[in-house]
Amino acid sequence: MIPLAHYLILSGILFSIGLAGVLIRKNIIVVFMCLEMMLTAANVALVAFSRAQGTAGVPVYDAQVLSLFITGIAAAEVAIGLALIVAMFRARRTVESTALNSLKD
Amino acid sequence: MNIVSTYTWCQFAPAFALVGLAALLILADALLPKLPKRIYAFIAAMGTFVAAYFLSNGEHADSFGCIASIATGLSILLAFDYTKVCCESIAGGDNEDGTGEFYALPLVACAGILCLTQARDLVMLFVSLEVITLTSYVMAGYFRRNQGSIEAGIKYLVLGAMSTGILVYGTAWYFGMIGSFNLGPETVIAALKGGVAGSPSLAIGFMMSIALLFAGAFFKIGAAPMHVWIPDVYQGAPTPTTAFLAVASKTAGFVVLCALALPFTQFAVPGSLIGKVLVTTFAIVAAATLLIGNLGAMRQTNVKRLLGYSSIGQAGFILIFFLQLQGPVTFFVCKYLLAYALATIAAFYAVAMVRTQRGSEEIAAFRGLGKTNPRTAFLITVCFASLAGVPLTMGFMVKLYSFVTVISVIQNWDAFCWLLPIMVVTAAAGFYYYFKVLRAMYWEKSQPGVPALQVPLCTSIVLALCAIALIYMGTMPLLTLG
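Sequence lines, in order, name chains D and U. Residue numbering for the first sequence follows our numbering, starting at 1 and increasing by one per position. Residue numbering for the second sequence follows our numbering, starting at 1 and increasing by one per position.
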């Protein structure tokens, strides 16, 4: 059986890649993929914890329910995000975050 | 399996009612294309005011929810006066197509806030918070013919989703360390004294989860390291949305912060390590927020951006209340939020009015208002004076509470003396930048030939009511003292 720590390390790696990608990458579609990765990291951790907290092989289902909610919310977020990206592409013909420069001090 | 629910359906009755109303409005928008869209704005605003009435006392009493629903209603009414710009920026020209949802969406977000105030565990907290933020993303990017609005929408979405990711990762670890999503003080105390205290690795995981959760909450209120989105989004978003974000969404942020911080009240005694860590964190974040918000506002020329920085600065003054952890924290936070909400909403009404008729949101567009519209200029003066904290306005009273709190904290902990000078300097900075608008209205001449503003009905009523409320609640405590 795979120990809990391995799942947590995996989720930590996913979270770090996601966070780094959001901060570093310039293409907004890639940034979106990284945001999804952060949510997936939380899902992995939740499901792993739900097993680990369970007794006699029965997991605590609370955490799995939350992971379902997260999946749904992530889908809604992507729908809104892609709509905004399409609107931006129509207006500026690019999806690079460096083009977002009309609002600044 | 026996499922025990922490919640009753009845708790969410106001939220369900608002979502139902929003669904009805969206249906009506699709089925009755001939109806003028302003009617939707009016109905939606009335719906939130009715909700606010039921939340003000009785079975559903909930002061945060009440402030949030009044603020939502006022920002929808702001859209009512702003229809000209809405039509121009959504469908182009006088075309009203696609503007209906813009008036219905804030209702959904408001329902999210009402659920949030009832949340007793992290699942409810997270889901209702997402209802608010997802709706806000749509609202921020709604003016698709306006470059600034799309940019604001994307910036808000990327940074907001990042904070969601951080918050939800914290939630996962909270569950892993404690074994439940419950946010009650009993759970936290049991965890800190029992399992977590016994095992150093659990304690580290627990502290990490709390830090991640606080980071998510600080994003919502725009506290210092997580404030970067505020000026851009506030400037770019449609003005009714900005008003919603500045007041209702900020209220939601403080609800989250209360829910996360207040279980730790028992540790807020000098000497306990956890209390010391928490209070120091709050002190540093509050000081940084005050400095960045108030000093950043000084060099702004765009009123919406100025109000964005001002909202960061005001959040700093509210964060001060969390330093005491014990005592009536939520009461003071509500009081401050009410003063902030009334003045800020009125300021956005003024911005929207000037934008519709003079086509600009710069401070320069306010020039000469004192001559051409003396009464409106006076009402705007009261609101900005309250934001700055001039005596005899409610803004002064609540800033006073903030100062009293910090002095008592300094006495209790015998530390954090550096907070007081920072607060004095930032409050003084507030006088400078709020009065820039007043100076433009009274001392700078408008260009010749610029006509007086036509004050729309809703704007004049709301400005007058807000100004009266601010003065009444600023002078009442003095009268009752005497």
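Careful, some of the hints might be misleading.
To be verified - Cut-off 25 Å, straight-line C-alpha distance, at most; resulting in silico cross-link-like pairs (SDA-like, lysine to any residue):
no., chain 1, residue 1, chain 2, residue 2
1, D, Lys104, U, Ala288
2, D, Lys104, U, Ser163
3, D, Lys104, U, Ala429
4, D, Lys26, U, Leu159
5, U, Lys84, D, Lys26
6, D, Lys26, U, Ser163
7, D, Lys104, U, Gly148
8, D, Lys104, U, Tyr432
9, D, Lys104, U, Ala365
10, D, Lys104, U, Asn302
11, D, Lys104, U, Thr356
12, D, Lys104, U, Met298
13, D, Lys104, U, Met476
Claimed, not checked - Pulled from the structure, derived: some chain U residues nowhere near chain D, Cβ distances all over 10 Å:
no., residue
14, Pro36
15, Asn95
16, Thr265
17, Asn373
18, Leu400
19, Phe435
To be verified - Covered stretches of chain D, going by a simulated chain U footprint (3 or more residues, C-beta under 8 Å):
no., segment
20, 14 to 26
21, 67 to 76
It is worth saying that the hints were derived from the structure and are not from the lab. Every residue gets a Cβ at the ideal spot worked out from N, C-alpha and C, and that includes glycine.
Hints, one by one, checked against the model:
no.: 1; hint: Lys104/D with Ala288/U; verdict: 21 Å, holds
no.: 2; hint: Lys104/D with Ser163/U; verdict: 21 Å, holds
no.: 3; hint: Lys104/D with Ala429/U; verdict: 21 Å, holds
no.: 4; hint: Lys26/D with Leu159/U; verdict: 14 Å, holds
no.: 5; hint: Lys84/U with Lys26/D; verdict: 36 Å, violated
no.: 6; hint: Lys26/D with Ser163/U; verdict: 18 Å, holds
no.: 7; hint: Lys104/D with Gly148/U; verdict: 10 Å, holds
no.: 8; hint: Lys104/D with Tyr432/U; verdict: 21 Å, holds
no.: 9; hint: Lys104/D with Ala365/U; verdict: 20 Å, holds
no.: 10; hint: Lys104/D with Asn302/U; verdict: 11 Å, holds
no.: 11; hint: Lys104/D with Thr356/U; verdict: 23 Å, holds
no.: 12; hint: Lys104/D with Met298/U; verdict: 15 Å, holds
no.: 13; hint: Lys104/D with Met476/U; verdict: 41 Å, violated
no.: 14; hint: Pro36; verdict: 26 Å, holds
no.: 15; hint: Asn95; verdict: 17 Å, holds
no.: 16; hint: Thr265; verdict: 25 Å, holds
no.: 17; hint: Asn373; verdict: 29 Å, holds
no.: 18; hint: Leu400; verdict: 32 Å, holds
no.: 19; hint: Phe435; verdict: 20 Å, holds
no.: 20; hint: 14 to 26; verdict: holds (count 4)
no.: 21; hint: 67 to 76; verdict: holds (count 4)
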